[in-house]
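With the hints as your guide, set chains U and B onto chain W.
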Amino acid sequence: MTDQALEPAAVAKPQTPFRRIVSDFCENRLAVFGLVLVAVSIFVAVFAPLISPQNPFDIASLDLLDAKSPPGTVSSDGSMTYWLGTDGQARDMLSAIFYGMRISLFVGFVSVAAALAIGTAIGLIAAYAGGRLDAFLMRIVDIMLSFPSILVALILLSLLGKGIDKVLISLVLVQWAYFARAARGAALVERNKEYVEAATCLALPTSRIVFRHMLPNCLPSLIVIATITLARAIALEATLSFLGVGVPVTEPSLGMLIANGFEFLLSGSYWISFFPGIALAIAIVGINLAGDQLRDVLNPRNLR
Amino acid sequence: MSSPALAVKNLRTHFFTKEGVAKAVDGVDFEVAPGEVLGLVGESGSGKTVTGFSILGLIDPPGRIVEGSSIRFNGEELTTAKPERLRAIRGAEIAMIFQDPMMTLNPVLRVDTQMIETVQAHVRVSRREARKRARAALVQVGIPSPDERLNAYPHQFSGGMRQRVAIAIALLHKPKLIVADEPTTALDVTIQGQILFEAQRLCRESGTAMIWVTHDLAVVAGLADRIAVMYAGRIVEMGRTADIIERPMHPYTKGLIGSVPSQNTRGHRLAQIPGMTPSLLKLPAGCSFKSRCPIAVDKCNEMPTLEEHRPGHWARCWRAAA
Amino acid sequence: MLVYVIRRLMQAVLVMVVMSALVFAGIYLIGDPVTMMISPDASEADRAAVRTALGLDQPMWEQYLVFVNAAIHGDFGKSFLAGQPAMGLIFDRLPATLELAFASLVISLVIGLPMGVYAGLRPNSIGTKTIMTGSILGFSLPNFWVGLMLIMTFAVVLPDMISWWPRLPASGRGTTVDVLGVRLSIFTLDGWRHLLLPAITLALYKGALIVRLARATAREVLPMDYVKFARAKGLSERRIVGVHVLKNIMIPIATVSGLEFGQTVAFAVVTETVFSWPGVGKLLIDSILLLDRPVVVAYLVVIVFFFVILNLVVDLLYSVLDPRVRLESRAS
Numbered sequence: 007m008t009d010q011a012l013e014p015a016a017v018a019k020p021q022t023p024f025r026r027i028v029s030d031f032c033e034n035r036l037a038v039f040g041l042v043l044v045a046v047s048i049f050v051a052v053f054a055p056l057i058s059p060q061n062p063f064d065i066a067s068l069d070l071l072d073a074k075s076p077p078g079t080v081s082s083d084g085s086m087t088y089w090l091g092t093d094g095q096a097r098d099m100l101s102a103i104f105y106g107m108r109i110s111l112f113v114g115f116v117s118v119a120a121a122l123a124i125g126t127a128i129g130l131i132a133a134y135a136g137g138r139l140d141a142f143l144m145r146i147v148d149i150m151l152s153f154p155s156i157l158v159a160l161i162l163l164s165l166l167g168k169g170i171d172k173v174l175i176s177l178v179l180v181q182w183a184y185f186a187r188a189a190r191g192a193a194l195v196e197r198n199k200e201y202v203e204a205a206t207c208l209a210l211p212t213s214r215i216v217f218r219h220m221l222p223n224c225l226p227s228l229i230v231i232a233t234i235t236l237a238r239a240i241a242l243e244a245t246l247s248f249l250g251v252g253v254p255v256t257e258p259s260l261g262m263l264i265a266n267g268f269e270f271l272l273s274g275s276y277w278i279s280f281f282p283g284i285a286l287a288i289a290i291v292g293i294n295l296a297g298d299q300l301r302d303v304l305n306p307r308n309l310r
Numbered sequence: 014m015s016s017p018a019l020a021v022k023n024l025r026t027h028f029f030t031k032e033g034v035a036k037a038v039d040g041v042d043f044e045v046a047p048g049e050v051l052g053l054v055g056e057s058g059s060g061k062t063v064t065g066f067s068i069l070g071l072i073d074p075p076g077r078i079v080e081g082s083s084i085r086f087n088g089e090e091l092t093t094a095k096p097e098r099l100r101a102i103r104g105a106e107i108a109m110i111f112q113d114p115m116m117t118l119n120p121v122l123r124v125d126t127q128m129i130e131t132v133q134a135h136v137r138v139s140r141r142e143a144r145k146r147a148r149a150a151l152v153q154v155g156i157p158s159p160d161e162r163l164n165a166y167p168h169q170f171s172g173g174m175r176q177r178v179a180i181a182i183a184l185l186h187k188p189k190l191i192v193a194d195e196p197t198t199a200l201d202v203t204i205q206g207q208i209l210f211e212a213q214r215l216c217r218e219s220g221t222a223m224i225w226v227t228h229d230l231a232v233v234a235g236l237a238d239r240i241a242v243m244y245a246g247r248i249v250e251m252g253r254t255a256d257i258i259e260r261p262m263h264p265y266t267k268g269l270i271g272s273v274p275s276q277n278t279r280g281h282r283l284a285q286i287p288g289m290t291p292s293l294l295k296l297p298a299g300c301s302f303k304s305r306c307p308i309a310v311d312k313c314n315e316m317p318t319l320e321e322h323r324p325g326h327w328a329r330c331w332r333a334a335a
Numbered sequence: 066m067l068v069y070v071i072r073r074l075m076q077a078v079l080v081m082v083v084m085s086a087l088v089f090a091g092i093y094l095i096g097d098p099v100t101m102m103i104s105p106d107a108s109e110a111d112r113a114a115v116r117t118a119l120g121l122d123q124p125m126w127e128q129y130l131v132f133v134n135a136a137i138h139g140d141f142g143k144s145f146l147a148g149q150p151a152m153g154l155i156f157d158r159l160p161a162t163l164e165l166a167f168a169s170l171v172i173s174l175v176i177g178l179p180m181g182v183y184a185g186l187r188p189n190s191i192g193t194k195t196i197m198t199g200s201i202l203g204f205s206l207p208n209f210w211v212g213l214m215l216i217m218t219f220a221v222v223l224p225d226m227i228s229w230w231p232r233l234p235a236s237g238r239g240t241t242v243d244v245l246g247v248r249l250s251i252f253t254l255d256g257w258r259h260l261l262l263p264a265i266t267l268a269l270y271k272g273a274l275i276v277r278l279a280r281a282t283a284r285e286v287l288p289m290d291y292v293k294f295a296r297a298k299g300l301s302e303r304r305i306v307g308v309h310v311l312k313n314i315m316i317p318i319a320t321v322s323g324l325e326f327g328q329t330v331a332f333a334v335v336t337e338t339v340f341s342w343p344g345v346g347k348l349l350i351d352s353i354l355l356l357d358r359p360v361v362v363a364y365l366v367v368i369v370f371f372f373v374i375l376n377l378v379v380d381l382l383y384s385v386l387d388p389r390v391r392l393e394s395r396a397s
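Protein chains in written order, with the working numbering: chain W, 7 to 310; chain U, 14 to 335; chain B, 66 to 397.
Chain W extracted, bound-state conformation:
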C-alpha cells in the first residue's frame, strides 16, 4: 500500500518497446562506444579484401627483405607503407589484422549462432516435455557446465585435429549448454502462464506452441546470453589458436597472429603481437560493453 502513495505521474507519450529499449540503451555512453567498436570490427571483417593494402596470403606479393619492419616503414619497392609493420614472413600487419579479424569474428558468430539454435531447441524441448526427459537433459547440461570450457575444448580439439570446422564444432559443443539452460529457465516460467494453457486447450500443435508462443518471450534473456557468449567464444578461439590447437596456420585468426609474434616480443619486434592483440581487445571489449548495457536494458524486471 505504501507504494501506491508514491505512484509516478502518467507517462506523456507511449513508446514502442523497441524504441524504448534503444533509448534506454543509449543512455549509457560507454555502451554506445562499445557498439561503435563492434561496428568497426564487423566492418573491417566484412570488407577486408577491399580495404587491405595487401593480400597477406598471396605469397608472391611478399618481399622477404621487408620482414620484421617496424611500423611506418615504406616497402622496399616503394609501393606501400607498412602502417603497422610486418611480421616474420614480411606480411603487412594491417592487412593480416583485417583478415584475422574476419576469421575471428566468423568463428565467433557462427559458433554462437549454432549453439544458440541447438541449445535453445534442447532447452525448450526439455521445458515443455518435463519429467524424465527434462531431468536427463539437464543432467547433461549440468555436467557440461561444471567443467571449464577451455579444458573441454582442448580435449575435443586434440581428438578432432586441426581445421576451422573442428574449431567450430568444439566451440558449439562447449557453448550450447548455456543456451539450453537459459532457454529452459525462461520457458518454464512461460509454460506456467495462462496463454500456454489457452493454446493447449485450443489443441494447437506442440511445435507451434513452443516456437510461436513460448520462444518470443524467452528471447530477451537469450539475446543477453548470446552477446556474452559471443565475446567468450571469440576469446576462447583466440586462446586455442594461441596454444596451437585452433585454426590452422593458413587461415590465421587474431589469436594465431598473436602466437606468431610471441617469440619476437622480447627481442624488440613487439608490433607483431601487439597490434593483433589490440584488435582482438577492441572486438571483445566492444561486445562486452554493449552487451552489459543490453543486459541491464533487457532485464525482464525492467521490461514489464
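Bear in mind the hints are in silico, worked out from the structure with no lab data behind them.
Among the hints, a few may not be true.
Once the Cα atoms are required to be at most 30 angstroms apart in a straight line, the calculated DSSO-like pairs of lysine-lysine come out as [stated by the list, open to error]:
1. B/293 / U/295
2. B/293 / U/187
3. B/312 / U/22
4. U/36 / B/312
5. U/31 / B/312
6. U/145 / B/312
7. U/31 / B/194
Same frame as chain W, now just chains U and B:
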C-alpha cells in the same frame, strides 16, 4: 507540560524522486512528555513511519528533512546536530524498535554479538561486562534461559521472542525515548497482548517516553496516554486517548473507530471509509481527506489548520465542532 | 552429514571412471604416437618393436583393462616421451600450479573484495564507474592477452624507458625452497619476482568477477532492515560495513571463489604457457601437442578428482558460513 522529552515542530520530510516530490511528512507538530506513551495512528502512506525515522535521523536519500523543521530532544535540536552526535544518541538516548523482527536482526550473527556491539558502541566496557548487561536485559523482558538464547542465532527464535530481544536491545542503555514502529503487527494476537503489557510495564517503571506507531487504533487504545492520528503526511487529530476514542472530532478518526470490529458491531456490516489514500506526489489542494469525507463542503477546498477545539483535543477540520 | 559425504565421494568415483574411459577411448583414436618418437626412416620392424614395447599392439579393450588395473594402483603408465611414470610427472609439477593458483586467488580477493564493496557503498561515484568498467575489461580480455601485455609493460617497455624500474622476469619459476618435501617458491624473494606477473594475469578474471559479485551483494544487503536497525542502535559505519554487511557478502563470495578455483586451475594452462611456468598446465599442452597419451589421461583423472573434491569442500564450507543452512542439516 513541564519540559517535554521530545518536541516536534513543523516537521517536513520530503522525498525528491524522478517522478516528483513526495511529501511524506508535511508539517507535523507534537510533543511527548517524559514517561508518556503517544500513539501515532494512521494508514500506510500516512507518514507515521517516516516521522519515526525522521526523529532518529534515519532518512535515506532521496529523502531528507526540509528546512524549517525542528525536532528538539530534551532541549537539543536534532535536525542540525552533527552526525557523530546523532550516532551517539541513537541506541542510547533514543531507541527504535522495528516492525519485522526477523529482518531487524542480522541472520548470520549471533544474538549476543548483536547485543554486545550495541553496548560497546556507547560505553567503554569489557566484552564480559557487556554480555552481563545483555543477559540482564533479556531477563528484564522475560526471556527464559537467557544464556542459551545469547549463544543462539535469530532464526532459532519464534517471532514473539525475537521482538522481545529487539525490545531488550532498545532498553540496554535505558533510553529516554523509544520509537516503536508497528512492533506487534507481525505477531500473533496473543503474543501481541503480551508485548503490549511488557512495554507498558517497562515504561511505567523506568519513566521512558514512547511513541507507538501503528495502523491499528485498537492496539493503542489500551496502551497510550495520548493519540495523534495522521493522514497524508499531517496530523488530523490529537488528544488524550479517552477523548479520541469516545468523542472523535475528525471524520477520518470517526471512520477508523467505526471500522474496528467490536461487540457493538457484531452482526452488522463493518463501516468502511470509501476511497483510497491519495498519492503523496499528487496531493489535492485543500483538505487531503476531502474526497473521502462524508461531510465535506466547499470550505474544505481550503486546507484546515490544526485547532484546539476542546481543551487538550486538537483537530484539523472545518467542521470538527459538529 | 557423513552419509552425505560418502554419497558424494561415490559419485566422484563414478564420474572419474566414466571420464577416464571416455578420454582413453578418445585419445586412442588420434594419431599414432609411435610416429612422433621414431625417425621417419625407421624400418617397419623397428616401428613394430616400439609398438610392442609400449603395448600399443594390443586390442583397445585389453589396453583399457591394463590401464584400469594399473590406475587403481596409482600407476598411469609411463610417459611416452619422458619414460617416467605419468603420475609422477604430474605430481612433480603440481605444486608449481597450485602455488600459482593460490597466489592468484589471494590477489583477486585482496584487490577485488574492497573494490567491490566500495562500488556497492558509493554507486554513483567516479571511482565506482571506473571500477565497474575495469571489471568488464577484466573478465572479457583473454588470459593470454593480459599476460602478453603485462610482459610487454613490465619486462620490456618500462624497464627500457625508466632505468631504475625493476625488470620482472617474463618466464620461468623462481628459486624454490623445500617445504615438507614439496618445492615451493613463495618463500623466496626471487620466487615472488617470477610469480608476480603470472599470478596477476590469472587473478584478473576472478578479480573482476569478485568485484561485480561483491558490489551486487552489497547493494542487496545495504537496504535491508538489519542494516537500518544497526544504524538505529548507534553503531559506527565502520562496524556496520565491516561486520554486518561483510559477513553477508562473504557467503556468496566464498562459494563462487571456491567454484571458480577449479576454473582458475584450468586457465592456468594458458598462463603457464605464456610465462613458461613449469606447472601441470604447460605439461598438459605439451603432452597434447605431442600425443603423450598417458600424461594427458593422468592429468584428466587428477583434474576430475580435484573438481569433485573441490565441489564437496565448497558445499561443506557453505554450510559452515551460513548458520541457517548448517543447523537445518543437523536437524535433518
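Consistency of the hints with the structure:
Using a Cα cut-off of 30 angstroms, the hinted pair residue 293 of chain B and residue 295 of chain U holds, with the two alpha carbons roughly 28 angstroms apart. For the proposed pair residue 293 of chain B and residue 187 of chain U, the alpha carbon gap of about 20 angstroms is at most 30 angstroms, so the pair holds. The suggested pairing of residue 312 of chain B with residue 22 of chain U is violated, with an alpha-carbon distance near 40 angstroms, which exceeds 30 angstroms. Proximity of residue 36 of chain U to residue 312 of chain B is assessed by CA-CA distance (about 36 angstroms); at most 30 angstroms being required, the pair is judged violated.
Restraint check: the Cα-Cα separation between residue 31 of chain U and residue 312 of chain B comes to about 33 angstroms, which exceeds 30 angstroms; the hinted pair is violated. Our distance criterion of 30 angstroms between C-alpha atoms is met by residue 145 of chain U and residue 312 of chain B, whose separation comes to about 25 angstroms. For the given pair, residue 31 of chain U sits about 21 angstroms from residue 194 of chain B by alpha-carbon distance, which is consistent with the 30 angstroms threshold.
Going through the hint list in order, the structure does not satisfy hints 3, 4 and 5.
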